[in-house]
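Undergrad: Sequence:
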Amino acid sequence: MSTFKFNFAIVCFLLFVNPVFFKSQTHQIKTKAIIIDGDTMPYIECAPVLVVFEKYKNSKHYEAWTRIKYNVKMAYSLAIIASSRLKEYDLNLSKIENNKDKSKYLSQVEKTLIAEFNQDLKKLSMQQGKILLKLIDRETGKSSYQILKEYRGSFQAFLWQGVARIFGHNMKSKYNLTTTEDIMIEEAIRVIEAGYF
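If you read the sequence shown in this note's numbering, its first letter stands for residue 1, the second for the next number, and so on.
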């Protein structure tokens, strides 16, 4: 009984003695407005929202999507850097006329790239490396075989293509949005660029 009286006293105190708890506060927000059929309506611009409908055929399809999304996240930033560097190197090479100077420049570029990215590339799994090659093709429009042929020559490209084939990869393959894997890669890129993963 005393507990009831105590609780009742607290409620009365809150309601009557300290009404500040129940005062409604008005806030003013300035916004743009538009007029629709004579009525003035607030107009607020929102950032674009990415809507992804993820329909999975089965648990294997869901696992494949999750794995590709993770692998793309690991390789995408390297592909963007590689694309910008290749454009820079192509521009610099176009200014060099002497073949000896071109060879010297490419040797210097190779040493710089190995020093800068060797550790990052070693951390990639084979599947992430395969996706990296596809992403470089997506960003540059050139397959890894074409890039290697341009920078290192036909013989080196042929040798590395042979090594890739041993491990079940093809350096000549292009980024192709008609294949299921590449469609999932493109969807993963959209999710990553939108900041949702």
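Since the hints were derived computationally from the structure, they do not count as laboratory data. Wrong hints could be hidden among the right ones.
To be verified - In silico lysine-lysine, BS3-like type, Cα no more than 30 Å apart, as pairs:
#: 1; residue 1: K102; residue 2: K73
#: 2; residue 1: K60; residue 2: K149
#: 3; residue 1: K30; residue 2: K87
#: 4; residue 1: K172; residue 2: K111
#: 5; residue 1: K142; residue 2: K73
#: 6; residue 1: K104; residue 2: K142
#: 7; residue 1: K95; residue 2: K142
#: 8; residue 1: K100; residue 2: K87
#: 9; residue 1: K57; residue 2: K174
#: 10; residue 1: K100; residue 2: K172
#: 11; residue 1: K73; residue 2: K95
#: 12; residue 1: K57; residue 2: K102
#: 13; residue 1: K87; residue 2: K60
#: 14; residue 1: K87; residue 2: K32
#: 15; residue 1: K122; residue 2: K57
#: 16; residue 1: K87; residue 2: K149
#: 17; residue 1: K104; residue 2: K73
#: 18; residue 1: K100; residue 2: K57
#: 19; residue 1: K111; residue 2: K122
#: 20; residue 1: K69; residue 2: K174
#: 21; residue 1: K73; residue 2: K32
#: 22; residue 1: K102; residue 2: K69
#: 23; residue 1: K57; residue 2: K69
#: 24; residue 1: K87; residue 2: K57
Stated by the list, open to error - Distance ranges between label pairs, derived from CB positions:
#: 25; residue 1: G162; residue 2: V109; range: 18 to 26 Å
#: 26; residue 1: E63; residue 2: L159; range: 31 to 39 Å
#: 27; residue 1: L124; residue 2: K100; range: 15 to 23 Å
#: 28; residue 1: K60; residue 2: E186; range: 19 to 27 Å
#: 29; residue 1: N98; residue 2: Q127; range: 22 to 30 Å
Beta carbons are placed, not taken as given, at the ideal position from N, Cα and C, and that holds for glycine.
Undergrad: So, against the hints stated earlier in the document, which numbers end up violated here?
TA: 1, 2, 3, 11, 12, 13, 14, 15, 17, 18, 21, 22, 24, 27, 29
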